[in-house]
Amino acid sequence: DAGITQSPRHKVTETGTPVTLRCHQTENHRYMYWYRQDPGHGLRLIHYSYGVKDTDKGEVSDGYSVSRSKTEDFLLTLESATSSQTSVYFCATAPGMWGEKLFFGSGTQLSVL
Amino acid sequence: AQKVTQAQTEISVVEKEDVTLDCVYETRDTTYYLFWYKQPPSGELVFLIRRNSFDEQNEISGRYSWNFQKSTSSFNFTITASQVVDSAVYFCALSTTQGGSEKLVFGKGTKLTVNP
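Protein sequence lines, in the order shown, are assigned to chains A and B.
For the first sequence, counting from 1, position 4 maps to 4 in my numbering; every step adds exactly one.
For the second sequence, counting from 1, position 116 maps to 116 in my numbering; every step adds exactly one.
These are calculated hints, taken from the structure and not from any lab test.
C-beta: ideal position from N, C-alpha, C; glycine also.
Do not rely on the hints blindly, as some may be mistaken.
[Unchecked claim] Below are the DSSO-like pairs computed for lysine-lysine, each with C-alpha atoms no more than 30 Å apart in a straight line:
#1 B/K108 to A/K57
#2 B/K16 to B/K111
#3 A/K101 to B/K38
[Claimed, not checked] A short list of chain A residues far from chain B (calculated; beta carbon distances all over 10 Å):
#4 N28
#5 L43
#6 D62
Bound conformation, chain B alone (with noise of 0.2 Å):
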């Protein structure tokens, strides 16, 4: 079965520093995809990033950027340099064809807090 462990509950730093957030993943499938999903306080849901399986290179967009390590089931999120509007709860999550069928499994998101 998959699984997708995001291990910190919550983080609260002060604006301008670094925070990673951590992803673990588990899967039998050797073809996947995984995803950072962002909910700001006012609730919707963004999307942010789509790697799959095959593509281990690191992604940078702007202060983001995405560290795929398969040989530790990881796929962990920085943000460089935070700031207030970053504060939100982020969401990382799988998608497998376990039995044929599509399975996408959400972890149970990370809250971050950026303080000014």
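Extracted from the complex, chain A is given alone in its bound form (with noise of 0.2 Å):
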């Protein structure tokens, strides 16, 4: 399996604040995204990032923002956080070419109050 990290595991914050979860891969993969999953709604892509410093905006791009550094890491930052984020956030990890298989960490638990 590809060693795909995110932390926090879980996380509590209030409305307002701003709020980074870290995507730490060593597969050295070259695609990242950011995904959130909400009942109803199935997976929905917020960004991702084909390559250092080389991002995109998903289907639900909205008070999100994303840094890629290295190939190896890619910050998802909720700029202020609201109510409406609170959700599952999966990162996932590509190793490039267009069609191939994901690989998915194990998911943020992400609760805004």
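If you follow the hints, you should be able to join the two separate chains into one complex; please do so.
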């Protein structure tokens, strides 16, 4: 299995505070993704990266920003957390070729009160 | 725009029953990939299968089989003789390269419960 570590695994925060989630991979995969999973919505793409400092928006990117300064790390920041951002966040990676399967991290349960 | 529809939100079966999970996709691309992922109650997402748009052969892996039909834009997943361990949420996904960048879209998932 690909070595993908998400931290923290659980977080409770208050509305209006900034939050950063970290995804670390040891597989040297080029592509990295952040998804959120909500009941009734499945998995929705927030942002993705196709290389160091190369990122792009997904379908639900409002209120989120990302950074990738190293191949192995992909950070997701909630600039000012809102209750609607309470969700399970998954990081995923892929080697780089289009159509490759994704390797997922274990997820981060975020609760915004 | 590409879209994946998993019309069955939840399915409940009794052990040893066969069950089919439906997946219908929409895309204008002629080249694309389809995937199935499994999410057991523990929460991790596990890759099951990938199929490209040029390969319409059905796939069988043990008790699992997949039926890809381009004519109906469907990529259905059948579990034969279901077991309790098959209880999970199953996601179908579509990967295309619209606009020159890769787009991966997931369906909303089907929750399968296999009762003993």
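Quick rundown of the hints versus the structure:
1. B/K108 to A/K57: Answer holds: B/K108 to A/K57 is near 20 Å, not above 30 Å.
2. B/K16 to B/K111: holds, 17 Å
3. A/K101 to B/K38: holds, 13 Å
4. N28: The assertion about A/N28 holds, with a minimum of 19 Å to chain B.
5. L43: The claim breaks: A/L43 does not keep its Cβ more than 10 Å from every Cβ of chain B (closest is about 4 Å).
6. D62: holds, 18 Å
In summary, the structure is inconsistent with hint 5 from the numbered list given earlier, while agreeing with all the others.
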